Amino acid sequence: DWVKTSAGAVATYYGHFPVQSLRLLLVPVDGPRVRGGTTWGYRGAAIRVLLGRDSDEDDLRRDWVMVHEMVHTALPDMEERYNWLSEGLAVYVEPVARVQAGDMNAKEIWAAMARHMPKGLPQAGDEGLDNTDTWGRKYWGGAMFCLFADIEIRKATGNRLGLQDAMRGVLAAGGSHEVGWSIGHILTTADKAVGVDVLTRLHDQWGSKPVMPDLDALWRDLGLRFGGGSLEFDDTALLAAIRASITATHSG
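Residue numbering for the sequence shown follows this note's numbering, beginning at 141 and increasing consecutively.
The set of hints was computed from the structure by calculation and includes no laboratory data. Remember, it's a predicted structure, so these values are computed and weren't measured experimentally. Note that beta-carbon positions come from the ideal geometry of N, C-alpha and C, so glycine has one too.
Computed spacing ranges between beta-carbons, pair by pair:
1) 144 x 354: 39 to 47 Å
2) 144 x 172: 16 to 24 Å
3) 313 x 389: 19 to 27 Å
Keeping only pairs whose Cα atoms sit at most 25 Å apart, straight-line, the calculated DMTMM-like set for lysine to aspartate or glutamate is:
4) 259 x 356
5) 247 x 197
6) 259 x 372
Input sequences plus hints: build the corresponding full structure.
Shown next, in the form of structure tokens:
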């Protein structure tokens, strides 16, 4: 059920499961919870997940690792320096897909984004996403790139299309993890699918130099209101409709 639920969330986001066949190796390890995973595309998509022997049903229901790894199957293999796009996309898409599939609620993921996204901001000595191989930049810097790309695509298309449509376009063009593409080919293919050059332009800006976006202003514009340890949505905020569209189930 855990594997099926995870696959269902990824299929919801992409319109269908990204690859025709997936080999899944579950390796039992000591302790509770899912302990991590790795995805390969060479000679067919395969995922290895380390599963704690003491995991219970609740651990598996809350797990994000399986969905994260399955998202990797929908993106072509790239040069290692661009791992921030692969990891950042998986960090960003995983919770969005789970909300769209009805496995999580939207307030939960927006609260988590606001809490964790600052880990992706450039630190001293940063040379852009392509040239800064730190954990924070690779995972949360990449996720930040994806969030800003999603918002900019939606602004440019009157909130008709988003990052989801762009990444579905990559998959439709044959761009799964079973093939190797350049980052340029991935981003131009994604841009073509939505008819705007947001991803290419954003990579030109963020790839080779540090960019420090104002996250507090972004959360405010998206209508995230924090008080008393909880999050409320302000549906009158500037980008509230875009926030709602990002997690809405998209048939497309």
